[in-house]
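Visitor: Below are the chains, spelled out letter by letter.
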Amino acid sequence: MTDTETLFVFYQDRLRRYLSRASGEPELARDLTQEVFLRVSRVAVPVAPESQLAGWLFRIARNVVIDHHRQRKRRPEAPLEPADRATPASQETTSALNQALSTLPELDRDVFLMREMSGLTYDEIAKACELTPDAVRNRIHRARLQLREALAPSLRPLRVKQIQPNGRPRRVTP
Amino acid sequence: MTRNHEVISAFLDDEPFEPAALAEALADPAGRDLLIDFVLLRHLAQSEESAAVLTSAPSQPRNKPLYLVAAAAVIVALLGGYQIGQRQSTDEAGRPPTATRVVQADSVWQELGGVK
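For the record, the sequence lines run as chains B and H.
The working numbering applies: residue 1 is where the first sequence begins, and numbers increase by one.
The working numbering applies: residue 1001 is where the second sequence begins, and numbers increase by one.
Don't read these hints as lab results, they were simulated from the structure.
Hints may contain errors.
[Said to hold, decoys possible] For each label pair, taking beta carbons as the anchor points, the in silico distance ranges come out as:
1) A1070/H / P157/B: 43 to 49 Å
2) H69/B / Q1083/H: 22 to 28 Å
3) E1018/H / E50/B: 48 to 54 Å
4) A1073/H / R59/B: 39 to 45 Å
5) R1087/H / Q91/B: 52 to 58 Å
6) G1085/H / R59/B: 34 to 40 Å
7) T6/B / V1039/H: 31 to 37 Å
8) G1081/H / V47/B: 57 to 63 Å
9) A1072/H / S95/B: 17 to 23 Å
[Unchecked claim] Derived coverage of chain B by chain H (criterion: at least 3 residues anywhere in the stretch with Cβ under 8 Å from a Cβ of chain H; other residues may be distant):
10) 37-47
11) 58-69
12) 132-141
Glycine included, every Cβ here is placed at the ideal spot set by N, Cα and C.
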């Protein structure tokens, strides 16, 4: 795996999921994913094992997000309209989750999102964020504890629902 | 709790962990609660993300006004051009065309010898 096209096929979904949350604007995730691959296309893809490639790619993605936030600060625009097809309850949860994520230190948020949204290993995250795997483990755990506390009201109702592997929780009927 | 329960995060993330440390952490009711909440947290983050992507995918709302403005501009330009063309064509229809060259004809018919 050395060319941009192969990387795109293999990583675009995982990158988009990370960028969707890290930017705070799911509507922009596709544009930002394209920006990542535009930057990738300008340099030579390193010949390296997959774990190192993922780290390299997500480091670029992280820089894209940082640049995006800088541009937003410089040229503040009205936030994009949130998708309005979600139910009010899920909108509340989305907003609570975004709010909770925004209170995390930037690096803690990134390691958490790379793990939960993109399924990167601690080694891959360590390469992407220039940390040690132990530091990644520590930061992910700390982020989870903070989010757990902030989202306690949203998590409580989920405890009485059945969790579907790839979908929303379903209420358990007696 | 943070330190000795990190093993729960490692277990959840399919990373290397010490089984004894996990057993110790899960022997504590607070540790079990933590594991459940971390699973729910993951579920919450991933479900909301997929919902957001699904609802945003079909269209690009931020580009819509731009498309509308462009379409309106094209329609206005076409209608304006048509109107101007119509006006010019009706004004000129009744008038003869302006002469651009005058040819002087000879006043006397001349018969050429040898040709009958």
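Visitor: With reference to the structure, classify each hint as holding or not holding.
Guide: Right, here's what the structure says about each hint:
1. A1070/H / P157/B: 43 to 49 Å: holds (46 Å)
2. H69/B / Q1083/H: 22 to 28 Å: Roughly 49 Å apart at Cβ, these two residues miss the hinted range, so it is violated.
3. E1018/H / E50/B: 48 to 54 Å: Cβ of E1018/H to Cβ of E50/B: about 27 Å, so the range 48 to 54 Å is violated.
4. A1073/H / R59/B: 39 to 45 Å: holds (43 Å)
5. R1087/H / Q91/B: 52 to 58 Å: 55 Å Cβ-Cβ, so the 52 to 58 Å window holds.
6. G1085/H / R59/B: 34 to 40 Å: violated (59 Å)
7. T6/B / V1039/H: 31 to 37 Å: holds (33 Å)
8. G1081/H / V47/B: 57 to 63 Å: holds (58 Å)
9. A1072/H / S95/B: 17 to 23 Å: violated (35 Å)
10. 37-47: violated (count 0)
11. 58-69: violated (count 0)
12. 132-141: holds (count 4)
Checked against the numbered hints given earlier, this structure breaks hints 2, 3, 6, 9, 10 and 11; the rest are met.
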